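Novice: Note that the sequence shown covers residues 0 to 211 in numbering that gives the first Met the number 0.
If you're looking for bench data, these hints aren't it; they were derived computationally from the structure.
Just so you know, these numbers come straight off a predicted model, no measurement behind them.
Possibly wrong hints are sitting among the right ones.
[Unchecked claim] Within a straight-line C-alpha distance of at most 30 Å, the following computed DSSO-like cross-link-like pairs (lysine-lysine) qualify:
(1) Lys181 - Lys200
(2) Lys73 - Lys105
(3) Lys19 - Lys117
(4) Lys202 - Lys96
(5) Lys19 - Lys128
(6) Lys202 - Lys128
(7) Lys42 - Lys117
(8) Lys73 - Lys117
(9) Lys161 - Lys48
[Stated by the list, open to error] What follows is a list of derived Cβ distance ranges for each label pair:
(10) Glu16 - Ala110: 17 to 25 Å
(11) Lys19 - Glu187: 52 to 60 Å
(12) His158 - Ser108: 39 to 47 Å
(13) His158 - Ile185: 14 to 22 Å
(14) Asp134 - Gly71: 20 to 28 Å
(15) Lys96 - Glu165: 16 to 24 Å
(16) Gly123 - Lys48: 17 to 25 Å
(17) Lys191 - Ser23: 54 to 62 Å
(18) Lys48 - Glu178: 39 to 47 Å
Note that beta-carbon positions come from the ideal geometry of N, C-alpha and C, so glycine has one too.
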Amino acid sequence: MGPIKVVIADDHALLREGLKRILSLEKDVLVVGEASRGDEVSKVVDRTKPDVLLLDLKMPKGDVVQTLLEVGEKNSATKVLILTAFSEDENILNAAKSGAKGYVLKGVSSATLVQAIKTVYEGGFWVDKEMSSADAFEEIVQSQSGHYGGEPVNEVIKHLTKREVEILRLVAEGLTNEEIGKRIFISEKTVKTHLTNIFDKLKVNNRFKAAL
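Working from the sequences, and respecting the hints, build out all of it.
Specialist: In structure tokens form, the structure reads like this:
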């Protein structure tokens, strides 16, 4: 089994150089490419076929969501680990919805970075539990991988009634309780009762997590 092939995508040359030096000390990790702009990432990944892509959350000449979609479409085997200097950023959740398997703050230790790379490479996900978005990120990644709270999604949905599944789909569309009630001809109070039951069955505490 060969080393874990990694591509580093960040617009700061010093950071890329530092990451390459850190990873060069690992016998089972090999940096096979780098990109300094968002519009270069997909091309570099196409050429090098890395196991893991370290992707800066905010790069010039590129959108992180678009980049993730391009990488996922052409190189679905490549796992993406987001690099971010921001402890709180809504784009982190957008990245998760677009296929990212984890994120690390740029200030983490070398050991933590290497552990994160190996974790996503092995099929896991990596989050910083100190960040408020950690739980939501984890839920998104689990739901997209076919699991919800450790249980297969189809097994969870089987616990819901037809009406509850219908309401859950409307929640996912972004409808309010009042709008849902009007759509399926029930009172807003009844919608709330159904949502309470849905939250209990899915073991979540808000409509955002339930809709993931």
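Novice: If a hint holds in the structure, say so; if it does not, say that too.
Specialist: Taking the hints in turn, this is what the structure says about them:
1. Lys181 - Lys200: holds (24 Å)
2. Lys73 - Lys105: Answer holds: Lys73 to Lys105 is near 27 Å, not above 30 Å.
3. Lys19 - Lys117: holds (16 Å)
4. Lys202 - Lys96: holds (20 Å)
5. Lys19 - Lys128: Holds, at roughly 26 Å.
6. Lys202 - Lys128: holds (19 Å)
7. Lys42 - Lys117: holds (23 Å)
8. Lys73 - Lys117: holds (22 Å)
9. Lys161 - Lys48: violated (43 Å)
10. Glu16 - Ala110: 17 to 25 Å: holds (19 Å)
11. Lys19 - Glu187: 52 to 60 Å: With Cβ atoms ~56 Å apart, the hint holds.
12. His158 - Ser108: 39 to 47 Å: Cβ of His158 to Cβ of Ser108: about 41 Å, so the range 39 to 47 Å holds.
13. His158 - Ile185: 14 to 22 Å: holds (21 Å)
14. Asp134 - Gly71: 20 to 28 Å: holds (23 Å)
15. Lys96 - Glu165: 16 to 24 Å: Once the Cβ atoms are compared, 23 Å apart, the range 16 to 24 Å for Glu165 and Lys96 holds.
16. Gly123 - Lys48: 17 to 25 Å: Since Gly123 and Lys48 have Cβ atoms about 21 Å apart, the given range 17 to 25 Å holds.
17. Lys191 - Ser23: 54 to 62 Å: holds (56 Å)
18. Lys48 - Glu178: 39 to 47 Å: Holds, since Lys48 and Glu178 (Cβ atoms, about 46 Å apart) stay within the stated range.
In terms of the numbered hints stated before, the structure departs from hint 9 and from no other.
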